[in-house]
Amino acid sequence: MPTMHEVIAREYRDSVALMQLSAALAKLPGIQQASAVMATENNLGLLGQAGMAIGKVAAGPNDLLIVVQGDEAALRPALDEAKARLSAKAAQPEGGAAKAFAPRSIAMALAADADANLAMISTPGEYATAETLKALNQGLNVMLFSNNVSVADEAALKRVARDKGLIVMGPDCGTAIINGIPLAFANVVKRGAIGAVGASGTGLQEVTVLVDRLGGGISQAIGTGGHDLSNEVGGISMLTGLKYLAEDPDTRVIVLISKPPSKGIADAVLGAARASGKPVVVIFLGADAKSLTGGNLHGARTLEDAARAAVALAGGRKPEPPDETVRIPPGVPKLAPGQKFIRGLFSGGTFGFQATLLLQEAADVHSNTPVGKSLPLKDMWKSEGHTLVDLGDDVFTRGRPHPMIDYRLRTERIVQEARDPETAVLLLDVVLGFGSNADPAAELAPALGKAREIAETSGRAFICVGHVCGTDGDPQGLGAQAKALQSAGMILAQSNAQAARLARAIVAAGGGSA
Amino acid sequence: MRAETIGSRVTRRRCGGRVEAVFEHACNVALDAGGLITVLAPQAGNVAHGIRLSRGLRFEFRLRPGMPVRVEEDRVDFGAGALTVRLAGARTWTSVLRPGGCWKPRSMRAAESARGLLRREAAVRSSEFLAAVLRMEPPATALAARIAPLLAALAGCTRARDSAGALRQVAQLVGLGPGLTPAGDDFIIGWLAGLALRAGDHPQRAFLQDLCAGIAPLGRATTSVSRQHLEDACALAFSERLSDLCLAIGDVAPAAALESAVAAQLQVGASSGADAAAGVMFALFDCSPAQRSAC
Numbered sequence: 001m002p003t004m005h006e007v008i009a010r011e012y013r014d015s016v017a018l019m020q021l022s023a024a025l026a027k028l029p030g031i032q033q034a035s036a037v038m039a040t041e042n043n044l045g046l047l048g049q050a051g052m053a054i055g056k057v058a059a060g061p062n063d064l065l066i067v068v069q070g071d072e073a074a075l076r077p078a079l080d081e082a083k084a085r086l087s088a089k090a091a092q093p094e095g096g097a098a099k100a101f102a103p104r105s106i107a108m109a110l111a112a113d114a115d116a117n118l119a120m121i122s123t124p125g126e127y128a129t130a131e132t133l134k135a136l137n138q139g140l141n142v143m144l145f146s147n148n149v150s151v152a153d154e155a156a157l158k159r160v161a162r163d164k165g166l167i168v169m170g171p172d173c174g175t176a177i178i179n180g181i182p183l184a185f186a187n188v189v190k191r192g193a194i195g196a197v198g199a200s201g202t203g204l205q206e207v208t209v210l211v212d213r214l215g216g217g218i219s220q221a222i223g224t225g226g227h228d229l230s231n232e233v234g235g236i237s238m239l240t241g242l243k244y245l246a247e248d249p250d251t252r253v254i255v256l257i258s259k260p261p262s263k264g265i266a267d268a269v270l271g272a273a274r275a276s277g278k279p280v281v282v283i284f285l286g287a288d289a290k291s292l293t294g295g296n297l298h299g300a301r302t303l304e305d306a307a308r309a310a311v312a313l314a315g316g317r318k319p320e321p322p323d324e325t326v327r328i329p330p331g332v333p334k335l336a337p338g339q340k341f342i343r344g345l346f347s348g349g350t351f352g353f354q355a356t357l358l359l360q361e362a363a364d365v366h367s368n369t370p371v372g373k374s375l376p377l378k379d380m381w382k383s384e385g386h387t388l389v390d391l392g393d394d395v396f397t398r399g400r401p402h403p404m405i406d407y408r409l410r411t412e413r414i415v416q417e418a419r420d421p422e423t424a425v426l427l428l429d430v431v432l433g434f435g436s437n438a439d440p441a442a443e444l445a446p447a448l449g450k451a452r453e454i455a456e457t458s459g460r461a462f463i464c465v466g467h468v469c470g471t472d473g474d475p476q477g478l479g480a481q482a483k484a485l486q487s488a489g490m491i492l493a494q495s496n497a498q499a500a501r502l503a504r505a506i507v508a509a510g511g512g513s514a
Numbered sequence: 515m516r517a518e519t520i521g522s523r524v525t526r527r528r529c530g531g532r533v534e535a536v537f538e539h540a541c542n543v544a545l546d547a548g549g550l551i552t553v554l555a556p557q558a559g560n561v562a563h564g565i566r567l568s569r570g571l572r573f574e575f576r577l578r579p580g581m582p583v584r585v586e587e588d589r590v591d592f593g594a595g596a597l598t599v600r601l602a603g604a605r606t607w608t609s610v611l612r613p614g615g616c617w618k619p620r621s622m623r624a625a626e627s628a629r630g631l632l633r634r635e636a637a638v639r640s641s642e643f644l645a646a647v648l649r650m651e652p653p654a655t656a657l658a659a660r661i662a663p664l665l666a667a668l669a670g671c672t673r674a675r676d677s678a679g680a681l682r683q684v685a686q687l688v689g690l691g692p693g694l695t696p697a698g699d700d701f702i703i704g705w706l707a708g709l710a711l712r713a714g715d716h717p718q719r720a721f722l723q724d725l726c727a728g729i730a731p732l733g734r735a736t737t738s739v740s741r742q743h744l745e746d747a748c749a750l751a752f753s754e755r756l757s758d759l760c761l762a763i764g765d766v767a768p769a770a771a772l773e774s775a776v777a778a779q780l781q782v783g784a785s786s787g788a789d790a791a792a793g794v795m796f797a798l799f800d801c802s803p804a805q806r807s808a809c
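One line per chain: the protein sequences are A and B, in this order.
Take the first sequence: its position 424, counting from 1, is numbered 424 in the working numbering, and each next residue is one higher.
Take any residue in the second sequence, note its place counting from 1, add 514, and you have its number in the working numbering.
Keep in mind that a hint or two might mislead.
Ranges of calculated distance between the beta carbons of each label pair, as one might list FRET restraints [claimed, not checked]:
| no. | chain 1 | residue 1 | chain 2 | residue 2 | range |
| --- | --- | --- | --- | --- | --- |
| 1 | A | 191 | B | 580 | 47 to 55 Å |
| 2 | B | 569 | A | 262 | 33 to 41 Å |
| 3 | B | 569 | A | 395 | 28 to 36 Å |
| 4 | A | 130 | B | 626 | 39 to 47 Å |
| 5 | A | 382 | B | 723 | 41 to 49 Å |
| 6 | A | 395 | B | 723 | 34 to 42 Å |
| 7 | A | 337 | B | 626 | 34 to 42 Å |
Think of the hints as simulated: they come from the structure by calculation, not from any bench.
Here the structure is a predicted model, which means the values were calculated and not measured.
Idealized CB from N, CA, C, for every residue including glycine.
Whole structure, please, built from the sequences with the hints as guidance.
See the structure below:
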């Protein structure tokens, strides 16, 4: 088999970067194998063992060696692609001509674009407070993506922002859509008359996506960070966001999303919502929706209910009572006698949270992030009874990317759950949009295939229920992802709430009728 | 910029050098006289050839590969005023792992706990060494196929305290695998740390000494950065995080402390931490003299 190589002298990359490069090259048309390694003697031997011997090469241990094997015509383009990928990455720190224009401070950035009015800060937490203060002092609103900022610092920053008439979205703010521009983990949705303020990133994503799917549009989506409605912070950013939306002529309906705050904070937020003069849909996940309803306030029980109510109100209609009817689709197999439990593996924290709330109405649920009546998992790496796991929890993300980006942990766990004879239904979320994995269906399909094989060879049914939080405008494309996931055996529901209810109904019925 | 700690093997003599590589939290300086200094951000663990700063620094904004460096007794100057690291007042950091110093009969139970924690991680870590040592399904790679017989032979030689045989296997691991510090080197360093942890009697220490003397010259066959790490390990000057992991096992630390030590070790580099942890487990479980057999 033809083989070609390239030596790049004194080039250093870590092992993950080199493995990613090797994998990317191996996927190129006409390429059978590819390897990018430091040119040590033992690595040269290893290449020979892999059938990619290149003979004598003028390179030493400190040089990077790229070897590709495959069709003759594909080799040179593959090596050029490798060099382009390496130089593209190197160009960022090296800078070249662009370096002179790359701002190194907020003041420099403002000097280059005096019209900027928002800074997005994504430094390690230890530097984030100082950088946020600098931005606020320059008159900028802040989206603070960084985590590991103390609640005391958060409260102080938000008080400074409030005094300056600005807003701090975050810390740990993963989602926002400002003037139609998705920031961080966000989806491509139509612009429209519905404005949202949320303390939950995936909660905001689900509402904005469902509004889009129901024919509505989003004026602004403002994230506040998960601690904003704590007693220490006092809901400063939610109150500011609410004020912005109340004053925004393009916003006709407002949606507020949070876990239930303490009574004092809830009273302040609901008081401001009443004073806004606009219809406000309120979802405090886990709180009684009726207690939030009255006047211009419309309580919602699920994220889907909130989206439906907002779209109705924006269209000048009264929200209809939620339809919680569940129909098990045809073709769902019967469960074997021992298959009793739902195993939920979530990348979005709020999806796990909401599903837990819905499932615990009917049964005991275990979780690594228990809520309400649910029970803590004894070992978060092993399911017991009905188990819903938030894979975005710190324990799982230590040293690796968030599960919305890196699916490895979830695909491993899918196979693990399939081996458990008590698993009845796998319950998943799939989040599309900017920041998320480029092709979630391609990540999940092999694991779902393996899980099906394990279950069926053991005489058990394989049932996987999921929902996709995304739109056709997202880089991954909702239609293509949904089709690929259905081909891989996933039963798709329209929302996280519907997926949880369907999983519950399947287990209660002992499977489907087929 | 002030240094907080200076590794015990950092040269204090005046010399020149140049920036060799710049990373997010570290920068390597190749010295004209040979050897390497690594300047580390505060969040990185100490290493014997490292200078750790007292405050955070975006290295890539200030330093460039090839930039000249001047090491003086009280400071390190980079380029023409790009950065000066002041050494006055910095404390000397020394690895606290001493051969056999903290090993107890109960330590093996802590080692088993650490192995359990690593087993959870192995499924999602790209480490052929970790998969091999934990007897997990190895990835279908040439590296996995290559190391299986090498590790089996190395375990046999170690159990038999056959240093010449062990060094023959080690020579085939040096510089083997992907990365700036090839995985084989990281594994060897972890293996030496694990052997040091259990080296309670004179024959074990003598065996370790023979290995270290034999491995140090093999560093020529790997990258300059990795060679420095190997030389440190051969001087039993292990990195802070690797030492912490070994001490947590040896001292039978509480479960939370052990878990924290394992997590910190796994965060070293892209896969270096996992490969070195695999080496520790290999030394503790596969190379026990109790399982003596012919090499």
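To see whether the hints hold, each was checked on the structure:
1. A:191 / B:580: 47 to 55 Å: With Cβ atoms ~49 Å apart, the hint holds.
2. B:569 / A:262: 33 to 41 Å: At 38 Å between Cβs, range holds.
3. B:569 / A:395: 28 to 36 Å: The hinted range 28 to 36 Å holds for residue 569 of chain B and residue 395 of chain A, with Cβ atoms some 29 Å apart.
4. A:130 / B:626: 39 to 47 Å: Once the Cβ atoms are compared, 44 Å apart, the range 39 to 47 Å for residue 626 of chain B and residue 130 of chain A holds.
5. A:382 / B:723: 41 to 49 Å: holds, 44 Å
6. A:395 / B:723: 34 to 42 Å: holds, 41 Å
7. A:337 / B:626: 34 to 42 Å: Cβ of residue 337 of chain A to Cβ of residue 626 of chain B: about 36 Å, so the range 34 to 42 Å holds.
Checked against the numbered hints above, the structure breaks none of them.
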